[in-house]
Amino acid sequence: AQSVSQHNHHVILSEAASLELGCNYSYGGTVNLFWYVQYPGQHLQLLLKYFSGDPLVKGIKGFEAEFIKSKFSFNLRKPSVQWSDTAEYFCAVGDNAGKSTFGDGTTLTVKP
Amino acid sequence: DTAVSQTPKYLVTQMGNDKSIKCEQNLGHDTMYWYKQDSKKFLKIMFSYNNKELIINETVPNRFSPKSPDKAHLNLHINSLELGDSAVYFCASSSRYETSYEQYFGPGTRLTVT
Numbered sequence: 001a002q003s004v005s006q007h008n009h010h011v012i013l014s015e016a017a018s019l020e021l022g023c024n025y026s027y028g029g030t031v032n033l034f035w036y037v038q039y040p041g042q043h044l045q046l047l048l049k050y051f052s053g054d055p056l057v058k059g060i061k062g063f064e065a066e067f068i069k070s071k072f073s074f075n076l077r078k079p080s081v082q083w084s085d086t087a088e089y090f091c092a093v094g095d096n097a098g099k100s101t102f103g104d105g106t107t108l109t110v111k112p
Numbered sequence: 001d002t003a004v005s006q007t008p009k010y011l012v013t014q015m016g017n018d019k020s021i022k023c024e025q026n027l028g029h030d031t032m033y034w035y036k037q038d039s040k041k042f043l044k045i046m047f048s049y050n051n052k053e054l055i056i057n058e059t060v061p062n063r064f065s066p067k068s069p070d071k072a073h074l075n076l077h078i079n080s081l082e083l084g085d086s087a088v089y090f091c092a093s094s095s096r097y098e099t100s101y102e103q104y105f106g107p108g109t110r111l112t113v114t
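Which chain is which? The protein sequence lines are H and V, in order. Numbering-wise (our numbering), the first sequence opens with residue 1 and increments by one. Numbering-wise (our numbering), the second sequence opens with residue 1 and increments by one.
In isolation and in its complexed conformation, chain H is listed as follows (with noise of 0.2 Å):
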């Protein structure tokens, strides 16, 4: 069975600082790895996704994410993060029947 484990539950930070949030995988298979961000009363949307190739992936509004084989970690950055960026954000693992497994969540919330 795949688990997904993100570490921060809640990070504040003020605009323009850097953005870290963590994201440990398990899983024994091939993996599909996805970072979705879910803006207030809206539903979610895909950042970015990771299936092969380079592990630093980039996504849509500055994101990119890095994939570590030997850490199950596939951690999400934004070297300058904006007000606009407040939202929540999920890491999902996903194999290859199409399950994905997503963590519990990491509450983002930059202050002006």
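Rather than coming from a laboratory, the hints here were simulated on the basis of the structure. Hints should not be assumed to be uniformly reliable.
As the list claims (entries may be wrong) - In silico BS3-like pairs for lysine-lysine, Cα to Cα no more than 27 Å straight-line:
#1 H:Lys61 - V:Lys22
#2 H:Lys71 - V:Lys71
#3 V:Lys44 - H:Lys69
#4 H:Lys99 - V:Lys22
#5 H:Lys111 - H:Lys71
#6 V:Lys9 - H:Lys58
#7 H:Lys69 - H:Lys99
#8 V:Lys71 - V:Lys44
#9 V:Lys9 - V:Lys40
#10 H:Lys111 - V:Lys40
#11 H:Lys99 - V:Lys67
#12 H:Lys111 - V:Lys41
#13 V:Lys71 - H:Lys61
#14 V:Lys41 - V:Lys9
#15 V:Lys40 - V:Lys22
#16 H:Lys99 - V:Lys71
#17 V:Lys67 - V:Lys36
#18 H:Lys58 - V:Lys67
#19 V:Lys52 - V:Lys22
#20 V:Lys40 - V:Lys71
#21 V:Lys71 - H:Lys69
#22 H:Lys61 - H:Lys111
#23 H:Lys71 - V:Lys44
#24 H:Lys61 - V:Lys41
#25 H:Lys99 - V:Lys9
#26 V:Lys40 - V:Lys52
#27 V:Lys41 - H:Lys99
Unchecked claim - One side only, chain H facing chain V, incomplete, derived with CB under 8 Å:
#28 Gln82
#29 Trp83
#30 Thr86
#31 Asp104
#32 Pro112
Glycine included, C-beta positions come from ideal geometry on N, C-alpha and C.
Fit chain V to the known structure of chain H by using the hints.
Here is chain V on its own, set in the frame of chain H:
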């Protein structure tokens, strides 16, 4: 062009009632899902259908019954609603022909049971 749509957006009902939520996707995907997001924002998968066939059925009370009349639709029927069913229910879809199985989410249905 709405990719994944759900109706209704809000649903307020009393305990004991039976209600349905509908989901439709126009992406041509073959797999659809129902998720429940509780007040703490935890997101848990409930069901998944692939080409109208149930493939994922997590530990969900029998009061919840999904129905997929075709691969573009996945409805959720809930019998004898309880207070603990209050949550936001998200529908999602994906395609097994997309290598990564990225999921596309609907806008959610906020269910409030009083």
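### Task
Mind checking the alpha carbons of Lys52 of chain V and Lys22 of chain V for me, to see if they're no more than 27 Å apart?
Within the cut-off at roughly 15 Å; holds.
### Message
Hinted pair, alpha-carbon criterion (27 Å max): Lys69 of chain H, Lys99 of chain H. Please report holds or violated.
### Response
Holds: Lys69 of chain H and Lys99 of chain H sit about 20 Å apart, inside 27 Å.
### Query
Regarding the pair Lys61 of chain H and Lys22 of chain V, is the alpha-carbon distance no greater than 27 Å?
Distance ~32 Å between Lys61 of chain H and Lys22 of chain V Cα, so the pair is violated.
### Task
Mind checking the alpha carbons of Lys9 of chain V and Lys40 of chain V for me, to see if they're no more than 27 Å apart?
Within the cut-off at roughly 19 Å; holds.
### Message
Would the hint on Asp104 of chain H be counted as holding, given a Cβ-Cβ threshold of 8 Å to chain V?
### Response
5 Å, holds
### Message
Tell me if the straight-line CA distance from Lys111 of chain H to Lys71 of chain H falls inside 27 Å.
### Response
Cα-Cα ~31 Å, so violated.
### Message
Check whether the Cα positions of Lys71 of chain V and Lys44 of chain V lie no farther apart than 27 Å.
### Response
Roughly 22 Å separates the two Cα atoms, so the pair holds.
### Query
Should the hint that Gln82 of chain H touches chain V count as held when the rule is a Cβ pair under 8 Å?
21 Å, violated
### Query
Is the straight-line distance between the alpha-carbon of Lys40 of chain V and that of Lys22 of chain V 27 Å or less?
With a Cα-Cα distance of about 24 Å, the restraint between Lys40 of chain V and Lys22 of chain V holds, given a limit of 27 Å.
### Query
Taking 27 Å as the top limit, are the C-alpha atoms of Lys67 of chain V and Lys36 of chain V close enough?
Roughly 16 Å separates the two Cα atoms, so the pair holds.
### Query
Does Trp83 of chain H pass the interface check with chain V, least Cβ-Cβ distance below 8 Å?
20 Å, violated
### Task
Take a quick look at whether Lys71 of chain H and Lys71 of chain V sit within 27 Å of each other, Cα to Cα.
38 Å, violated
The structure is inconsistent with the numbered hints 1, 2, 5, 6, 13, 18, 20, 21, 26, 28, 29, 30, 32, although it conforms to all the rest.
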